[in-house]
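Residue numbers (the working numbering), protein chains in the order written: chain A, 1 to 92; chain B, 1 to 598.
Take the hints with a grain of salt, since some may be wrong.
To be verified - Each computed EDC-like pair below joins lysine to aspartate or glutamate, with the alpha-carbon atoms no more than 16 Å apart:
1) B:LYS482 to B:GLU520
2) B:LYS90 to B:ASP105
3) A:LYS26 to B:ASP498
4) B:LYS575 to B:ASP543
5) B:LYS159 to A:GLU18
6) B:LYS547 to B:ASP87
7) B:LYS255 to A:GLU3
8) A:LYS40 to A:ASP11
9) B:LYS474 to B:GLU520
10) B:LYS264 to B:GLU321
11) B:LYS575 to B:GLU75
12) A:LYS26 to B:GLU501
Keep in mind the hints are simulated off the structure, nothing from the lab. Since the structure is predicted, the reported quantities are computational estimates derived from the model, not experimental observations.
Chain by chain, the residues run as shown.
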Amino acid sequence: MIERIDLELCDGCNLCVESCPTDVLKMMEVGNSWGEQTWKATIAYPNDCHNCRLCAIDCHVDAITVTHGITLPQPLFAYTKEVLNEDVTAKV
Amino acid sequence: MPIVYQSREYTTDVLVIGCGMGGARATLRAHELGADVILVEKAAIGRAGPMTYVHTQYAPPRLIEGSELYDWIEEMVLSSNYIVDQDAVKMLVHDAYYRMQELIDLGLPFARNADGNLEYFVLRGHKVGTCLAADGRACMDRLHHVMRQKPDRLRIVEKVQVLDLLTSDAALPTNGRVVGAVGVNTQTGAPCVFKAKQVIFNTGPIYPKMHYCFADHCTGEGHAMAYRAGARMTGMEFLTFCGWGIFNKPGEREKKFATGGQAKLQKIGHFINARGERFMDKYDPVWGEQTGLVPMARGIISENLEGRGPCYLDMRQATDEQLAHLYAAVPSTGRSFKEFGLDPHRDLLELNPVVTIGSQSSGGIEVDLEHHESTTVKGLYAVGYCSHNPHMMSGISVPITTWSNIGGYRAGEAAARQAPELPSPVVDSGQVRAALDAFFSPTRRVRQVRPGQVWAQIQALTADPPFALFKTEKRILETRDKLLALGQEMLAQVYAPDIHELVKVNEAKCYIQTAALACEAMAARRESRGELFRIDYPYMDNDNWLKWVLLQRTGAQMTPAVTFRDLPVADWPVKIARGKIPVAYPVPDRFKEREAAA
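Chain A on its own, in the form it takes in the complex (with noise of 0.2 Å):
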């Protein structure tokens, strides 16, 4: 999922809040210890992000870090070895 933005990289143009399909990141308006405010970009709902790396992709400043490795929903993933031979057979 989407791990970091870099603010010293991010120059706050906003393509990465415009091509987020679910919605996961925002402008936000962060200011410097000179006192000047500048907007940046932020990641204001992490457990939204589906990994599909297109923020990263439009990122002209390649100023955001993606991983692969996803926290996946666990009621869907449960089709494990141990799930099945356990919980499910319990279940049924």
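With chain A's structure known, arrange chain B on it following the hints.
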């Protein structure tokens, strides 16, 4: 005191909802014929739906005619478990040539060989059918560019979720016609009202937000909206998603990655169980390891059930050349291997199958192919995944993008041609208000069930192994009732603090309605075919079940009336053997014993 909604109003001839291949083609064709068009998309154009991961499109290299046409139709009939509209397949094969040529002329980046000629290749599971490879996202970027070149009469509205259709009699289901739709901006919450003479749906497939297939935002809103408006639904019993292309990080099983390019992995790897045996020939004697997604997932699950799991993808014998070809075709797979420290020459990849209610091939809004994809609701057309695709592909190879391409073109044409004769759309403000009130009501609740919890419940219900793997009439109806209860109870309590969460609530509502319909149709079809497997009817019944199950809402109640329509197989070129064909699917002894005891 009632809330006053400041809606932004749009008026147009043709409203296209959803933009994949079909939406873009409908928009361009309707515009070409002189109609005023609005294209509305929940996400962004080229950044939505299956087109973000599509890699191949069904494409005949020349116009297929005469005796050759029979071969092209026959292979589709066979790979579709016989339940296919052969007239539709004929149209698909015929029109595909022209529609794909137009896309090539529009400059879509289809793969070419060293001589600069288009590289046609045969699809997995096919003998003659060919396709062209292209990155779906790049295709959509090109179509987006073409649309942006037409500033007059073509407006694009992005980041707007459509909530409901508006009808001339202000009723759902309607006896009149569709006159537009009401939506909400997913960023600002601003309501939008679209007044349109014709509406074309291209709202995509349905998935239970499984973080897989890159389509968590495709949750069946089109299916649900059309059903609520009274459209007839067909093939809903085949809404079962089966997949297996999910791998664990070694040592960290909760970390997983999902990969595309499964056909390629099947070509270069072997599937083995924990004992090191290759098992797929047992489950599919014809295709073996080259079988479709559905039998593949079932085979893996069966091995797990019988205690021979976990199963692995074994690519240790693959040559460097084969792996290089895989990484070139599906770059993300190579990157995942690297990130997870997986060496296919050294490591076995553990397989994680999934079965749930979702789109694999077909099932959706019934369309009348003689009348250009029009639905049973006047003024509403449907194309692509949300429509019923009369060729059921069972995951062997899916010419859905080309089907959407053809359907979009035809629907856009019909909608634009009829538009001048239709009256100006008049929208009922009460109907707009009702849809918006229902959408915004979760902001005004105190009890705090969050949308994420609703989705977790949906996932648990639809992927519950006894339901997903061993369907019986009792279990199917139980799941339907549980889904409907979830819809009534949890959605009445759900609290959404912002527009992002509100959108998720509406998505959950639509998914539940569509999934309940799927259960209804599964219970009605008393046989096993394609994606549908029932242990109480473990055979394909060509004597009694060469017919479609039709669902339609008749009154204010959401419960559908179930009817059937026979396939006119006698009139079609490819003859189908009658009789009952057993569907191989082992049910473990332990399961049978419990079933007998119960």
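16 Å Cα cutoff - pair LYS575 (chain B), ASP543 (chain B): Satisfied, since the Cα-Cα distance of roughly 13 Å is no more than 16 Å.
Pairwise hint evaluation, GLU520 (chain B) against LYS474 (chain B), where the allowed Cα distance is 16 Å at most: holds, 11 Å
Does the alpha-carbon distance linking LYS26 (chain A) and GLU501 (chain B) stay inside the 16 Å limit? holds, 14 Å
Measure nothing beyond the straight line between the CA atoms of LYS90 (chain B) and ASP105 (chain B); if it is 16 Å or shorter, mark the hint as holding. violated, 24 Å
Check whether the Cα positions of LYS482 (chain B) and GLU520 (chain B) lie no farther apart than 16 Å. Given that 16 Å is the threshold and the Cα spacing comes to 13 Å, the pair holds.
With a cut-off of 16 Å on the C-alpha distance, tell me whether LYS40 (chain A) and ASP11 (chain A) pass. holds, 7 Å
Assess, step by step, whether the Cα of LYS547 (chain B) is no farther than 16 Å from the Cα of ASP87 (chain B), and give holds or violated. holds, 15 Å
Given the hint that LYS575 (chain B) pairs with GLU75 (chain B), does the C-alpha gap stay at or below 16 Å? Holds - the C-alpha atoms of GLU75 (chain B) and LYS575 (chain B) are around 12 Å apart, at most 16 Å.
Is it true that the CA of LYS264 (chain B) sits at most 16 Å from the CA of GLU321 (chain B)? At roughly 13 Å apart (the allowed maximum being 16 Å), GLU321 (chain B) and LYS264 (chain B) satisfy the hint.
Pair hint outcome, LYS26 (chain A) versus ASP498 (chain B) [Cα-Cα no greater than 16 Å]: holds, 13 Å
With a cut-off of 16 Å on the C-alpha distance, tell me whether LYS255 (chain B) and GLU3 (chain A) pass. Distance ~13 Å between LYS255 (chain B) and GLU3 (chain A) Cα, so the pair holds.
Please work out if LYS159 (chain B) and GLU18 (chain A) have their alpha carbons no farther apart than 16 Å. Holds, because 8 Å separates the two Cα atoms, which is no more than 16 Å.
Violated hints amount to a single one, hint 2; each of the other numbered hints is respected by the structure.
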